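Quick mapping for you: the protein sequence lines, in order, are chains A and B.
Residues in the first sequence are numbered from 26 upward in steps of one, following the numbering used here.
Residues in the second sequence are numbered from 637 upward in steps of one, following the numbering used here.
Everything labelled a hint here was simulated from the structure, so no lab data went into it.
This one's a predicted model, so the numbers in the text were calculated from it and none came from an experiment.
Check before you lean on any hint, since a few could be wrong.
What the simulated footprint calls covered on chain A by chain B, stretch by stretch (three residues with Cβ under 8 Å from a Cβ of chain B suffice, anywhere in the stretch; the number is not a length) [said to hold, decoys possible]:
1. 109–115
2. 164–175
3. 251–260
4. 301–311
5. 325–333
Residues on chain A that point at chain B, a partial pick, calculated with CB under 10 Å [as the list claims (entries may be wrong)]:
6. Pro73
7. Ala106
8. Glu120
9. Leu133
10. Leu140
11. Thr234
12. Glu236
13. Ser237
14. Glu267
15. Ala270
16. Arg283
17. Leu284
18. Met322
Idealized CB from N, CA, C, for every residue including glycine.
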Amino acid sequence: MSTTPETAVSSEETGGHGDISVGVSGAGASGDGTASATRITPGNALRPEDIALAVSRGAAKPSEDVAEFALRLGDDALILAQRLGHWISRAPELEEDVALGNIALDELGHARSLLSYAGGLDGRSEDDLAYLRREHEFRSAALFEQPNGDFAVTIARQFVVSYYQFELYRRLTSSTDSTLAGIAAKAVKEVDYHRDHSAQWVLRLALGTDESRQRMIHAFKVIWPFVDELFRDDELTGRLSEAGAAPQPSSLREDFDRLTGEVLAEAELEVPNVQPTPGGGRRGLHSEHLGYILAEMQVLAREYPGASW
Amino acid sequence: MASQPLQSVPAEPSLARHEPSPEDAARRDAEGQAYFDKVMAEDSRIEPRDWMPPAYRKTLLRQISQHAHSEIIGMQPEANWISRAPSLKRKAILMAKVQDEAGHGLYLYSAAETLGQPRDQMMQDLMDGKAKYSSIFNYPARTWADMGAIGWMVDGAAIANQVPLCRASFGPYGRAMVRVCKEESFHQRQGFEILLELSHGTPEQKQMAQDAVNRWYAPALMMFGPPDDDSPNSKQSMAWNIKRFSNDELRNRFVGMMMEQVKVLGLTLPDKDIRFNEETKKWEHGPLDWAEFHEVLAGRGPCNAQRLERRREAHQNGAWVREAAAAYAEKQSRKQAEKVSAA
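Required output: the full structure, derived from the provided sequences and hints.
Given below as structure tokens:
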């Protein structure tokens, strides 16, 4: 549909910008993916809308195993985006409002792609999966739902996540599942920036002032118990690895340890000596935090069942 | 001097070894003023290093910093809905929008800094309650439909105000506004799209949309500032080619635009007096509650205290981070200097 009341301030003034018409062709109620405001993506990278379209046309369909795996990764990214979004308008510097907002947006984009693909198995949309599943149906690991804490805790969490996701997505670019490979190819470039951002902050906080160093050390103690879970293999990852669709999580550990170790060494920090948690998020067993995250995230969608937004 | 073209006069005498004599200073001011007048007459641009009248500098600094503060405080009512956005696509769009606003703030603070005041000082003035920001952000964003109404009406009004500012006589401000306006029109469209979706949704959703439009209508109209006969600074700003149209002129245009677009939305504006005056060829609207406007401006609006406190809290919580970054930078540059001197 076209809704084009062309009533811009005046044509001589708009000069190609500051247009206040609302002529978004095909936008709004039509639900046409091509009109999405999130469509503009550099290069030919896959967008969530492309995946949803491919899935709905039957051009892409995940196997049961791939769908479950995409759900894990999508939930990781979604829950982290939800956490990071809280920083926007609360960051230590305006530049950080922008940076953390950007990382949150990247993660949300990955979540949308992965959930759109996972839903292809049984026809559920990204929103069905995000808004209408219950706590035990989420497959995210415990790390992603950990509270923001102070800026150091957020950075410690992001540091671990970024180095983990980088290794994971890097390998997934050669997945035998071409959609997964496409999503990973876009994500890995973005996550590379997240690595840089968090590593830069680890150095600054660890080597800045006494206070910032203490906070950074404390933050890694808070976060490190959740690292092991990321690298645990299970039956699903075993089958996916056999099929060449995804790496075994344990196979990422060496590179993760080496690369994070380099940054920690430069920051004059040691890997915290803490006990790992048992985890269980991949089987739907979550910490106490997830319920609150979902209650907030899902409230509107559940308050108006069947409504479209 | 007669046939020589006037040239830009630097704001600071660059090679002066000591205080200029009163005669030199007076001559520089006269030359600077002549160049400034010529720029105004030609509707051309003043740049940061040019001489400019102190009152022009002060007016711009006030306007640009207030504009920057409005972007920063304006992040809050929308950030309030990021975690509850009802679809992932809406969440992504809203996040990107609030992030844009932080970017606009940065951009505008940078433009203001070219006039000689550091960002820290401007921020401090905001937190101390010495600097103003747009009063519209002192109203609460109660429902999801407010995200639509804010985008459509508040950003719409901002664009109507700001498009003419792209031609402002102060270069950095005009250039900043070009980019800001591009992003704002995108924001306005997404707001319209939210309302359109709601008005085509369930009866409850449509009601939510109408309620939001009802609440934001009058505050949005008041964003253009007081009526012309009560706007003392407008005349000077127009003479300086900062402001191009009067408050009422812009407001009336905006009402006309709303009237067209609200029909497409299938909603109504809460003003039975809106009409197109065939004689003046201008849109007119009903009376606005300027007493309320002045109350909110004076700090007695629904969210004034909350908005400022959030800004202060974020600033205070971030102090140790900024100190760490500064200390790290200092240590690095010391290390670098030691390396250089050792070599």
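Structure-based check of all given hints:
1. 109–115: As far as the segment 109–115 of chain A goes, the hint holds, because 5 residues have Cβ atoms under 8 Å from chain B.
2. 164–175: It is violated, with 1 qualifying residues against the three required.
3. 251–260: That given contact is violated, which follows from only 0 residues of the segment 251–260 of chain A lying within Cβ reach (below 8 Å) of chain B.
4. 301–311: Per the Cβ count (0), the hint is violated.
5. 325–333: Satisfied; 6 residues make the cut.
6. Pro73: With Cβ-Cβ at 8 Å, under 10 Å, it holds.
7. Ala106: holds (8 Å)
8. Glu120: holds (7 Å)
9. Leu133: Where the cut-off is 10 Å and the nearest Cβ of chain B is about 5 Å from leucine 133 (chain A), the hint holds.
10. Leu140: holds (8 Å)
11. Thr234: holds (5 Å)
12. Glu236: holds (5 Å)
13. Ser237: holds (3 Å)
14. Glu267: Nearest chain B Cβ about 32 Å off; hint violated.
15. Ala270: Hint on alanine 270 (chain A): violated, closest Cβ of chain B at ~24 Å, above 10 Å.
16. Arg283: Status violated, d = 24 Å.
17. Leu284: Cβ of leucine 284 (chain A) sits 21 Å from chain B, so the hint is violated.
18. Met322: Interface hint status for methionine 322 (chain A): holds (6 Å vs cutoff 10 Å).
Violated hints, listed in ascending order, are 2, 3, 4, 14, 15, 16, 17; each of the other numbered hints is respected by the structure.
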